[in-house]
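Novice: Sequence:
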Amino acid sequence: AIDGAGKAHAYVHMGGKVGVLIGARTGSDAAAKAPSFEKFVDDSAMQIAAMAPSYLSASEVPEEAKQKQSQIFAAQLAEEGKPENARPKIIEGKIAKWLKEVCLLEQTSVLEAEKTVEQLRAELEKELGTQVTLAEDQHAVGEFSSNGDTNVSSVDHDTAERPGHSAETMLRGNGPSPSR
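Position 81 (the sequence shown) corresponds to 661 in our numbering; numbering is contiguous.
Warning: the hint list may mix true and false statements.
To be verified - With a Cα cut of at most 27 Å, we get these calculated DSSO-like pairs of lysine-lysine:
(1) K597 <-> K619
(2) K674 <-> K646
(3) K680 <-> K597
(4) K706 <-> K619
As the list claims (entries may be wrong) - Just the calculated beta-carbon pair ranges, DEER-fashion:
(5) Q651 <-> K619: 38 to 44 Å
(6) E660 <-> S608: 51 to 57 Å
(7) S608 <-> Q656: 47 to 53 Å
(8) A610 <-> E659: 53 to 59 Å
(9) V592 <-> K669: 39 to 45 Å
(10) E643 <-> Q699: 24 to 30 Å
(11) K597 <-> S639: 29 to 35 Å
(12) A588 <-> P668: 40 to 46 Å
(13) E694 <-> P663: 31 to 37 Å
(14) G596 <-> N665: 48 to 54 Å
The set of hints was computed from the structure by calculation and includes no laboratory data. The beta-carbon is built from N, C-alpha and C at its ideal position, and this holds for glycine as well.
Full structure from sequences and hints, please.
Specialist: Below, the structure written as structure tokens:
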């Protein structure tokens, strides 16, 4: 359930092989019922199904994950024979690109290629005149098999509410568990 005004939304993709359950909050009941809010929530669920982000925003990516990715990039650059003095700047650029791939709000929208999910969220917030957040309190991971069995696990997260940076529940199937 969503605390306050908002919506919980289920999205099923690929004939039921991938499902996403997402929560979104807004500042008023009227805004929660607006067609543009409902479209944003549905589009965000579709984005999650298509792009499988591991995090909601770059600020949520643990430093350990960034360090691990930096080590992977450093090893790749060494193997490619890139000059050692150029590697830190190249790694910085690769990390920035990686964050845009693994963070929902930083991803380019699959429906509006010239905008990020965050830009769409901010535009909706301006249109509605109230905050719009995706919830991040927990996610559930589900694998859907051809015989109809579903294996679901959930993880609770203690995270602070911030405008534009929150999702309550996510249900993904046939993919790796989002890292948190």
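Novice: Which of the listed hints are not met by the structure?
Specialist: none
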